[in-house]
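Undergrad: Input sequences plus hints: build the corresponding full structure.
There are 2 protein chains.
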Amino acid sequence: MDRAQVISSKIKNDLTLIEETIVKTLVGGEKRLGETALATLKAGGKRLRPALLLIAGQVGSYDLEKLVPAAAAVELIHMASLVHDDILDGAETRRGIPTVNSLWGDQIAVTTGDFLFAHAFVLLAKIGEPRVTDLACSAALALSLGELHQMQTAFKSDQSLNDYLSKIFNKTAILFSASCEIGALLSGASVDEIRRLAEYGENLGMAFQIYDDILDIEGRTDELGKPIGIDLKDGTMTMPIIYALEETGGDTRLCSVIENTAPSEREVDDAIQLILSTNAIERTKREARKYAQLAIDAVKHISSKEAQTDLTAIGKFVVARYN
Amino acid sequence: MDRAQVISSKIKNDLTLIEETIVKTLVGGEKRLGETALATLKAGGKRLRPALLLIAGQVGSYDLEKLVPAAAAVELIHMASLVHDDILDGAETRRGIPTVNSLWGDQIAVTTGDFLFAHAFVLLAKIGEPRVTDLACSAALALSLGELHQMQTAFKSDQSLNDYLSKIFNKTAILFSASCEIGALLSGASVDEIRRLAEYGENLGMAFQIYDDILDIEGRTDELGKPIGIDLKDGTMTMPIIYALEETGGDTRLCSVIENTAPSEREVDDAIQLILSTNAIERTKREARKYAQLAIDAVKHISSKEAQTDLTAIGKFVVARYN
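Going down the list, the protein sequences come from chains A and B.
Mapping the first sequence onto numbering that gives the first Met the number 0, position 223 (from 1) lands on 222, and the numbers just tick up by one.
Mapping the second sequence onto numbering that gives the first Met the number 0, position 319 (from 1) lands on 318, and the numbers just tick up by one.
These aren't lab readings, by the way, just hints derived from the structure by calculation.
Incorrect hints may appear among the rest.
Identical copies look the same in the list; a pair holds intra-copy or inter-copy alike.
[To be verified] The list that follows gives simulated cross-link-like pairs (lysine to any residue, SDA-like), each with its CA atoms no further than 25 Å apart:
| no. | residue 1 | residue 2 |
| --- | --- | --- |
| 1 | 45 | 18 |
| 2 | 155 | 103 |
| 3 | 41 | 241 |
| 4 | 23 | 168 |
| 5 | 125 | 168 |
| 6 | 155 | 26 |
| 7 | 155 | 266 |
| 8 | 65 | 128 |
TA: Right, here's the structure in full:
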């Protein structure tokens, strides 16, 4: 299933405005300085966060003038976090395209991430809605908290499901939730609808990240645009790994792959096969679908049918995609 | 001369509130996650930017409730940029204390910087003054622009004075200016006084950075808390180097140290001696004093005598300090 099939053509059309705004923002000063940041934009992506923001913006009165910079800002925050994450992971490619750190080195990548973050906050500041700025900044803070948490627990196999859920809540769910809440806020939606949209985003983000972690085990490199088994290599405990350990009574080979800071390809492959041989993926998919359903349920009674249709389709999409 | 001698005891007293606010902000969530960021705070610093913000806040009506989080935010932005800069420079110590990257590695340092930036923006968002958020975010953007510019021109000896001035404007002057302007804005100062304070900050920042670049040539490691000659090692062209090249008709040994990505200690020492043998330091000091004087002149007629006294003392201090 492709993102193109799940979002209405109106929103798809407005998403091109986000793309244009980001380009204009990044090359606004000196083209040369925006070059590395633009490479990140050109590397593509699903643009899910700005899409959610625009869709949520239909709940009240759809005000493109405010929604466009806000949607560009949430995507810039996401892009910035990807550029910095790729340094941390030493990632060579993302979506099949070389990363900033692999093209220009870690130093340029650190500053490119800062440049993207700063542009996001400048865009937000210009909207002049303190609550919107607060939501986006808190989401950026949560991203760094989730990342710090992940680094501090890397290569440790004795992590609980709650550790994992709290990490992905910070790393993914909060920005999804903020995107939806900002869209609703800027459209002047009611307090109740704003709350429903935030709840949708939070649950969708959880479903999205859990499904992402499934793809890292059972996905295909050619479809993902990046190698699989990255979490195992990085010593990052995810839900399928936690369940597989549970089902195997703490398989020592699997534990040692997690605890090994440089496992071989063979060891990672074996660990993947081991996980696939258990019921872990099926149980994890069930959890992802549970969160997706909670998201869909949260917007069952919102006033905009258009928004509800798109949000429901996205809820189904995130737990049935290839990448 | 010590900072302690130049700032009035009232402001020094209120600066302790900034320190407390930063600590409370960083350990607010999980103490463990704030640990690396707190290390940066404990490494000390002159706290010049928050001091400027508080002093400027005396021009109108001094409102600590707004000034304290804003002053904490500008210091957090500065701290974040230092943590990221230390990764770029591979710096082992700062102010005589080990850097985050040397203690915990580059990965933790990338995220610690992001964590500090995000906390700054959350604090700013909560103040709820869009113009203040805009100023601080634009300053953060300028920091990354200045850093990108510096990286792209590293190890190139054919740089003009204008290249240098534009770099330090972004890297230092804009955040100094924003700190002063934010203080004045939050105190409800008049448009004219806000402009004067911003002008003061900009010129003070230029003077400060030029003098910093002098200290990197003629300072003493034990006084600076960091080695000297860092700019020469990093291939960063500064005003004393540009003037020394001018005075020696482009000395080839000096050029080759700049262009060398890994010059020996001996080559760096020789380059320092060469610069010291010219009139470059004296000419650069004259420029630094010129900017400091422009700063002092900008606040000659502001309505708060207390602010004027402190700002004038700081103007004199930045071009006569040891570190």
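Undergrad: With reference to the structure, classify each hint as holding or not holding.
TA: Now for the hints, and whether the structure bears them out:
1. For the homomeric pair residue 45 and residue 18, the shortest alpha-carbon distance inside one copy (12 Å) is at most 25 Å, but the shortest distance between copies (42 Å) is not.
2. In this assembly of identical chains, residue 155 and residue 103 lie within 25 Å of each other by CA distance solely across copies; the values are 17 Å between and 31 Å within a copy.
3. With identical chains, the CA atoms of residue 41 and residue 241 are never at most 25 Å apart, being 35 Å at best within one copy and 38 Å at best between copies.
4. In the homo-oligomer, the alpha carbons of residue 23 and residue 168 lie at most 25 Å apart only across protomers (23 Å), although the nearest pairing inside one protomer, at 32 Å, exceeds that limit.
5. Taking the closest pair of Cα atoms, residue 125 and residue 168 come within 25 Å of each other only across two copies (22 Å); inside a single copy the shortest separation is 28 Å, beyond that limit.
6. Proximity of residue 155 to residue 26 under the C-alpha cut-off of 25 Å is restricted to the inter-copy arrangement: shortest distance 24 Å between copies versus 42 Å within a copy.
7. In the homo-oligomer, the alpha carbons of residue 155 and residue 266 lie at most 25 Å apart inside one protomer (17 Å), although the nearest pairing across protomers, at 46 Å, exceeds that limit.
8. Within a single copy, residue 65 and residue 128 get their C-alpha atoms as close as 10 Å, and across copies as close as 17 Å, so both meet the 25 Å cut-off.
Hint 3 alone, counting from the list given before, is not met by this structure.
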